[in-house]
Amino acid sequence: MAPEVSSTAALASIREIEREVAMLRMAPGSDVPYQRTSVMTHTAWVPPEWVEAAEDVLAGLAERHPSRTIVLVPEPGAQDGLEGEVEVDVFPAGEGREICTETIRIQLRGNRASAPASVVEPLFLPDLPVFLRWRGVPDFGGAAFESMLGVVDRLIVDSTEWPDLRASYAQLVGVFERVAVSDIAWARTSRWRRQLASLWPGIADVKKIRVTGTAAQAELLAGWLRSRLERPVELEHEEADRLVAVDIDGEQAPFPPGDPPQPADLLSEQLDRFERDRIYEEAVRSAATARPE
Amino acid sequence: MTTASLQDNPLLEGLEVRRAPDPCILVIFGASGDLTKRKLFPALYSLAFRRLLPENFAVVGAARSEETDEDFKERMKEAVQENARDDFRDDVWELLADGMRYVPLDFADEQGEDDLARTLTELDQQRGTRGNRVYYLATPPVVFPTVVQAVGKRRAAEGWTRLIIEKPFGHDLASARELQQVIEKYFDEKEVFRIDHYLGKETVQNMLALRFANGIFEPIWNRQFIDHVQITVAETLGIEARADYYERAGAVRDIFQNHLLQLVAITAMEPPIDFTADSVRNEKVKVLRAMHTPGPKSVVRGQYGRGYIEGEEVPAYREEAGVDPQSMTETYVSAKLYVDNWRWADTPFYIRTGKRLARRETTIAIQFKRAPHPPFEELSAERLRPNVLLVHVQPDEGVSLAIGVKVPGQGMTIRTVHMDFLYGGAFRTGLPEAYERLILDAMLGDATLFTRIDEVEEQWSLVDAIVAAWARDRPAFPNYPAGTWGPTGADELMERDGRSWRRR
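For the protein sequence lines, the chains are Y and P, in the order given.
Everything in the first sequence is counted per this note's numbering, starting at 1 for the first residue and increasing by one.
Everything in the second sequence is counted per this note's numbering, starting at 294 for the first residue and increasing by one.
One or more of the hints may lead you astray.
As the list claims (entries may be wrong) - Every beta carbon over 10 Å from chain P, so not counted as near; a handful from chain Y, in silico:
(1) 12
(2) 28
(3) 48
(4) 80
(5) 85
(6) 129
(7) 139
(8) 146
(9) 190
(10) 285
What the hints assert, rightly or not - Here are some of the chain Y residues that sit facing chain P, going by a computed Cβ distance under 10 Å:
(11) 198
(12) 200
(13) 280
Unchecked claim - Label pairs and their in silico Cβ distance ranges:
(14) P:766 <-> Y:98: 46 to 54 Å
(15) Y:6 <-> P:387: 13 to 21 Å
(16) Y:141 <-> P:423: 56 to 64 Å
(17) P:387 <-> Y:141: 53 to 61 Å
(18) Y:261 <-> P:301: 23 to 31 Å
(19) Y:115 <-> P:384: 48 to 56 Å
(20) Y:255 <-> P:495: 32 to 40 Å
(21) P:301 <-> Y:207: 17 to 25 Å
(22) P:530 <-> Y:6: 41 to 49 Å
(23) Y:261 <-> P:510: 31 to 39 Å
Treat the hints as calculated values from the structure; they're not laboratory data.
A virtual CB, placed ideally from N, CA and C, is assigned to each residue, including glycine.
Kindly generate the complete structure, drawing on both the sequences and the hints.
Rendered as structure tokens:
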């Protein structure tokens, strides 16, 4: 467990947050700051109901992707204002050296929740990519979402968190030309996609698949097959909390080797990607336009 | 996955297709040796841990000592537990151990060769390894020709065969060519993988990334902007239990001929047109060919006497077990080299390596020319230290850049600070061991990070010329105490040019 130092008082402005970050980076009893090697700014939009799940993932992430993480918790119903806190985690980096990562948590209250870019932009690490993990369904077309899309390089969603998949996918398609998108639900299917690809050429004429997993995984796998094979593929879905089986025209595909990745691994993998994932985009387009079962 | 199948199969598009080696058997000659225990099996375990080995895979250890399969497995299990960088997991080990065999054999022994051939055939049948073989020669170099002949004569009729040869490849140019002649009888150059494990190190490969993936460095990577280059491979260790080998090799054959000259080649090479084996090696060999033989005054050799390492008194080289008390073997060598080409003409490369030096470090320091005219009244140009780009190969893997900045306050005081990039800070996944990368590359048939015969020959030509000059004098050894930075002659080599070795 990395030692951490946190701000003791609630911080009410960006300037206070910046000052606190600089202060906490100083090693105790030293006038030399901990070294910071950053590879990105990781921003997370986390409505209050998602805070617990988000913190679990962040805990597994800090050490793998040294970065500045800014967690935005919107509370539009509260009185206007922002309240921030800063945490610096220190990790050994060999030969007695230590490096630190920073987590800034900001509650955006009242109207502050509708212009989040103006809050986070001053805190971005200069010249490094900015990733935005949006928890839950993005408010497509809403002020907060639009504001953030304008300042980030990559949007990371998990469509498993979306109740109305096809409608949300249809709206997500409109985002593709503006920012690169990753979907953790899609990443969870990668082992299976590799496995299904290994069934080529037998799978080339598939007519129907039956997927036991989450709805998002089922829609994305079917969308992927339709778009790659350029042919209609019927989908039958059986709900399960993770992807456990895929039947191809009534025949069960072999289970892929290896262990399924952990949530922090999945997010970590997406944070290593910078380019657009056109295969995913085509799968989403196909899923969005599929006829209801 | 072949290129053809990638083109034919639309489902593969966008999927990260990991380079997967073909099914194969890895045969390690010298399996009872230290290298197998400390490096090869821990590397194989890490590859198994990450599922990078082929699904159909087997390892056969071959050595003189009598051992059963079970003894061998147990010994390697302990070695992995002791030396692997990953946590020990029974399931991963079982995966590896299931395909492990041991064959005791003397290297010129028909019976042993028959046993090995039978074991390999059985494994092909049991594990579907299709006759594909990687032979790893981790034996003493004197046995290389015998093993090459034995393996060559019994090449499997089907499947591919690859030969990994540990350093040193020969003792001088003549012996390297003799060994090569034996190899050429049975193997094509594409099947031969000569290891210089430095090339498998992430930080050495990062030198290529630093130079060729960053627009800012290449335009200034030349004689116009670079004053000189210093490359250091310093060890605090003595010769351990390797007196027999080291007495014959010395620092010049142990480190200079291979690691140091490869580091020079990577630092000085022109951009390759792509990152394929021949493109990279073509550029490296051009550098080696462009190096002219340093005169006697440009080479300094040394041998350590008694001294202190980490506060503990250590014996002189001549007092080490197995070393001739009158030994003239060098444990230190430094040299000033020139790469005579358009990019580097007149830019010295100072290189040094030694045992029992003050600190363990491998670094490549690119020292840039000073700012020509600092416009600050209180500051003479001499006080402004030059910029240095320092590539730390080990330890503290990373890169740092020394720059002058203003000290806050009145006046204009300039101080040198380091901007550091630490690998461990930015990528916390753990750097793979060099042997992991190299074994996997050999299985994949990718020779980019292995030395080609023409490189080896150029390296030996240079070393032979240096050693020939040594025959004419007899320096007063020992000439540096253990725990220091080498003989005073090495400092004088730099001082004559108005420069000094880097100290941290």
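When the structure is checked against the list of hints, which entries are broken? Sort them ascending. Violated hints: 9, 15; rest satisfied.
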